[in-house]
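K.L.:
So you can see what is in the structure, the chains are spelled out below.
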Amino acid sequence: GESVGLHLPTLSVQEGDNSIINCAYSNSASDYFIWYKQESGKGPQFIIDIRSNMDKRQGQRVTVLLNKTVKHLSLQIAATQPGDSAVYFCADHPSGGGADGLTFGKGTHLIIQP
Amino acid sequence: NAGVMQNPRHLVRRRGQEARLRCSPMKGHSHVYWYRQLPEEGLKFMVYLQKENIIDESGMPKERFSAEFPKEGPSILRIQQVVRGDSAAYFCASSFDRGTEAFFGQGTRLTVV
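These protein sequences, in sequence, are chains A and B. Count along the first sequence from 1, then add 1092; that gives the number in this note's numbering. Count along the second sequence from 1, then add 5; that gives the number in this note's numbering.
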């Protein structure tokens, strides 16, 4: 069956360093991918998305890379700040957009060390 | 412009009672989605509604769960005869149109005792 999963449950980085969070997916038909940030006690917050016709997309301090050959995507956060502490989820959608039928991974907890 | 509003934030129910979770979408949004999150898990899609219509309920349990989004008022997720396994955080999201960015609410944390 379809699954979206993350490689590590917890990632600890020093403040100011770059963070890389990885995600693997299994559905070859997935066309749209989103990274969400979820702070404790809050709902998921959209960070960045990417469509399958792209292999890289950049935002403010964040970059998402998509490797369709190995069904892998990553989220890179530059110059990590204390406010980046949260659980990060990747999600995929089979038909290119929207929030219906998103498949979420279990999440990676990013911890920022001072 | 207020975001997606969910209430209550926390809900405690005894086994066998009914739980009603409310979601008011962002202003101008007519598409609503419900997700469930178990502890230490990712979110699981439950149902997608547009005003007065259920578009996709493929993630809804077959029994005890129902959802509506009336012409006026919030979307309601209703769980009848709750069991301990229903304890979870329930998130609602809304979007202007299908395929556009969806925004999530703060969630309702349901605890069944």
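Incorrect hints may have been included.
[Claimed, not checked] With a Cα cut of at most 20 Å, we get these calculated EDC-like pairs of lysine to aspartate or glutamate:
no., chain 1, residue 1, chain 2, residue 2
1, A, Lys1134, B, Glu57
2, B, Lys76, B, Glu45
3, B, Lys32, B, Glu62
4, A, Lys1198, B, Glu45
5, B, Lys49, A, Asp1141
6, A, Lys1134, B, Glu45
[Claimed, not checked] With the C-beta cut set under 10 Å, the calculated list includes, among others, these residues of chain B facing chain A:
no., residue
7, Asn12
8, Pro13
9, Val17
10, Glu23
11, Phe50
12, Lys56
13, Ile60
14, Phe108
[Said to hold, decoys possible] Some residues of chain A that are not near chain B, with every Cβ distance over 10 Å (derived):
no., residue
15, Arg1153
16, Thr1161
17, Pro1174
18, Asp1176
19, Ser1177
20, Thr1195
Quick caveat, the hints were computed from the structure, so don't treat them as lab data. Just so it is clear, the structure is predicted and the values come from calculations on it, not from any experiment. Glycine included, every Cβ here is placed at the ideal spot set by N, Cα and C.
K.L.:
Decide, hint by hint, whether the structure agrees.
P.N.:
Here is how each hint holds up against the structure:
| no. | hint | in the structure |
| --- | --- | --- |
| 1 | A:Lys1134 <-> B:Glu57 | 28 Å, violated |
| 2 | B:Lys76 <-> B:Glu45 | 35 Å, violated |
| 3 | B:Lys32 <-> B:Glu62 | 24 Å, violated |
| 4 | A:Lys1198 <-> B:Glu45 | 7 Å, holds |
| 5 | B:Lys49 <-> A:Asp1141 | 19 Å, holds |
| 6 | A:Lys1134 <-> B:Glu45 | 14 Å, holds |
| 7 | Asn12 | 13 Å, violated |
| 8 | Pro13 | 14 Å, violated |
| 9 | Val17 | 16 Å, violated |
| 10 | Glu23 | 24 Å, violated |
| 11 | Phe50 | 5 Å, holds |
| 12 | Lys56 | 15 Å, violated |
| 13 | Ile60 | 7 Å, holds |
| 14 | Phe108 | 7 Å, holds |
| 15 | Arg1153 | 19 Å, holds |
| 16 | Thr1161 | 24 Å, holds |
| 17 | Pro1174 | 21 Å, holds |
| 18 | Asp1176 | 18 Å, holds |
| 19 | Ser1177 | 17 Å, holds |
| 20 | Thr1195 | 7 Å, violated |
Taken one by one, the earlier hints fail for this structure at numbers 1, 2, 3, 7, 8, 9, 10, 12, 20, listed in ascending order.
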